[in-house]
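Engineer: Residue-level listing of the chains:
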Amino acid sequence: MSAVLTRRRPARGKLARHGLAKHRGPAAWLVLAALAVLTAAVLFPFALIALNAFKPPAQYSAHGPLSFPDGFSTGGVSTFWQTADFGRALWNSVLISGCVCVLAVLLSILNAYALGIGRVKGRTWILGAFLVANFLPQEGLVYPLYDMAKAAGLYDTPLAVIIIFTVIQGAFGTYLLSSVLSTFPPELLEAARMDGAGRARILWRVVVPVSMPTIGVLLVFFFIWTWNEFFLPLVFLVSNSNQTVPVALGTLQGQHIMNPLTTSGAALLGVFPTIIFFLIFQRTLTRGVTVGAVK
Amino acid sequence: MPRRKTVGLLTAGLLALSGALAACGSSGGSAASSPKVLKVWWYEGNGSAYQIAWDQAIKDFEKQHPGVTVQFSLKSFNQMQQNASMILNSSDVPDVMEYNKGDATTGLLSKQGLLTDLTSEAATYGWDKLLSPGLQVTARYSPKGVMGSGDWYGVSDYAEYLTVYYNKDMFARYGIGVPTTMAELTAAMAKFARAGITPFANAGNDYMAMQYLYEMELSQSTPAQVQNYERYTGQVNFHDAAWTNAVNTFQDWISKGYIAKDSVGLTATQAGNDFETGKSPMLMSGSWWAGTFETEIKNFSWGTFLWPGNTLNAGSGGNLFVVPKNAANKQLAYDFINDTLQPDVEKLLANNGAVPISDSTAGVTNPLNVQLIQNFQTLAKSNGLAYYPDWPTPSFYNTLLAQTQDLMNGASGSQVLSALQSNYDQYVSSLG
Chain A
41 MSAVLTRRRP ARGKLARHGL AKHRGPAAWL VLAALAVLTA AVLFPFALIA LNAFKPPAQY
101 SAHGPLSFPD GFSTGGVSTF WQTADFGRAL WNSVLISGCV CVLAVLLSIL NAYALGIGRV
161 KGRTWILGAF LVANFLPQEG LVYPLYDMAK AAGLYDTPLA VIIIFTVIQG AFGTYLLSSV
221 LSTFPPELLE AARMDGAGRA RILWRVVVPV SMPTIGVLLV FFFIWTWNEF FLPLVFLVSN
281 SNQTVPVALG TLQGQHIMNP LTTSGAALLG VFPTIIFFLI FQRTLTRGVT VGAVK
Chain B
-18 MPRRKTVGLL TAGLLALSGA LAACGSSGGS AASSPKVLKV WWYEGNGSAY QIAWDQAIKD
42 FEKQHPGVTV QFSLKSFNQM QQNASMILNS SDVPDVMEYN KGDATTGLLS KQGLLTDLTS
102 EAATYGWDKL LSPGLQVTAR YSPKGVMGSG DWYGVSDYAE YLTVYYNKDM FARYGIGVPT
162 TMAELTAAMA KFARAGITPF ANAGNDYMAM QYLYEMELSQ STPAQVQNYE RYTGQVNFHD
222 AAWTNAVNTF QDWISKGYIA KDSVGLTATQ AGNDFETGKS PMLMSGSWWA GTFETEIKNF
282 SWGTFLWPGN TLNAGSGGNL FVVPKNAANK QLAYDFINDT LQPDVEKLLA NNGAVPISDS
342 TAGVTNPLNV QLIQNFQTLA KSNGLAYYPD WPTPSFYNTL LAQTQDLMNG ASGSQVLSAL
402 QSNYDQYVSS LG
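Protein chains in written order, with the numbering used here: chain A, 41 to 335; chain B, -18 to 413.
So that you can see chain A by itself, here it is in the shape it has in the complex (with noise of 0.2 Å):
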């Protein structure tokens, strides 16, 4: 049953690496350039901001951004923990997050085992019209979806934001996993139901651990995608204490002037979570998947 797997491809891609070492030519060389280049470009806007978010307000105004700090002040960050309850809405956002992206993965695996390998008859029309859940605009979503919420009493409840994007992250999902596993290997669900697995047994001991990767991209993706939403949450979360991270960030934007050292700290603030998330999640992940693979 892992004949598939068992094929050494960690060996081949370290031989293959060293052989470009090797004949490293100036191509490569420059590939590096740029990417050092580009690498640069998308860190300066998050060193930009770190400076600002630490610079002493004096400085600001008397310099302007690009001034580099002659000073140390946490008072944009401490300014913004204040105002906005910021531990409140880590707290929310982690929670938001951490429930939808493992109930849609959930929502998805069933879904796509149903239609990848179940082969259900217009897989392609259903598939198509999950999506119709991404490619609509949220906000013209939002007035039904309001309706809803009221009706069923959910409106202003964490719980209406993750039922919502337990569903809309949950089609994406359905869509990229059932392309994934209608190219599931016959030969592994053959060997399964001859061993009398049921299709039960199937799909959580044979067709998820083999999917694993594919089920933690999705993870880790329906958790930053989730924990980004700002219309949604916006609209729904209306007490204070129910607002996400991105929602408590829009409290310093005024209606004519915001301070810039604020918003620089709290970009901070609002940005590293999901990093810390990304480097963590990303490593266990794909380590849990080689093992659950082997078996």
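Just so you know, these hints were derived from the structure itself, not from any lab. Note that this is a predicted model, so its numbers are computed, not measured. Mixed in with the good hints, there may be bad ones.
[Unchecked claim] Each computed DSSO-like pair below joins lysine-lysine, with the alpha-carbon atoms no more than 30 Å apart:
#, chain 1, residue 1, chain 2, residue 2
1, B, Lys311, B, Lys17
2, B, Lys237, B, Lys172
3, B, Lys44, B, Lys306
4, B, Lys110, B, Lys125
5, B, Lys149, B, Lys125
6, B, Lys279, B, Lys260
7, B, Lys92, A, Lys190
8, A, Lys190, B, Lys172
9, A, Lys190, B, Lys306
10, B, Lys311, A, Lys190
11, B, Lys40, B, Lys311
12, B, Lys328, B, Lys44
13, B, Lys17, B, Lys306
14, B, Lys17, A, Lys190
15, B, Lys279, B, Lys328
Start from chain A and add chain B according to the hints.
Structural biologist: Here is chain B on its own, set in the frame of chain A:
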């Protein structure tokens, strides 16, 4: 195997969390305001004059109403602009909240029946005497939601207007006096430009550029034209002399470097910073900057003057305190609104760089603030308040933003005016 266990545990943990969340979701809604709580919302940031003054109003209110606590929430401007009608349609409403004045905002909510009519309170509390007629324009809305007549739907305790901020040190260095006519201003700008300095800070990607354009238009406009433009009382022709002059002057200033061409992509925050760092000696913008400049500018002295030569000047009453239709404690809400209009609150506004509605400058210590208030009174007493350029239609802000950017990039003035005309006409005809 152990890996799968970790993932399983994680899943179980998160599921348990979501279960707990569902439970608290159902209990959260029932905590709606009991009679002893007044829910107040506003979106003016911490440290602003408004927050300082309104905090005092909360203190005064709690003193007068023992046993009532005020539950204040700082909302985001965005949230209130995008969702006000949805929020006010639910049971989760505040008793009193700040909301933007104007047809597309408070006017729209009043038309939708989401706000409480405050007309009789305005008479009993005497708000109709505290607010001068010019300031009442933005407090009253017709059944169609058009400002300037009809019932009271909100009360403002401050005002705002566009003014020129200037760097006194730089004016002195180049031997330039405060301009009182457009000719003097033009001479001053030419002098700065010759010295390689961009006279006016500007932000094309924000509300600023359109406000320059509007001041230029107002220099040749009449009060009747302003009423037509803002209140649909008559035909508006964007190809008239005033608007044509405005686009031509604006482009002339860009070409002479009085306003930097590359400010087309800047935001208001950046333009404000250009003034604060002394990159540009002048900034024409709202009185809402005064408080910020007072705390942030330490390296030079500055002052304000009105746009020279104009009898009409952009300005109006400030944002309103409104009482939602579904508010639980309306009587307390009226009392709170009344507290925001008292002299102690007005004084705090004045001393922190906002423009109070009262004309008294007694007890105002900073001469900058005295000047700010007196300039406003000059406008108010001569009926010179001309509101803001983006008010007439809900999408006019975006239209003006795009069109002024085109103008800065060299588009033809008449094309720009045609675009404004078509957006404007489209909305007005939809009003019926």
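Engineer: Would you pick out the hints that fail for this structure and give their numbers low to high?
Structural biologist: Violated: hints 5, 8.
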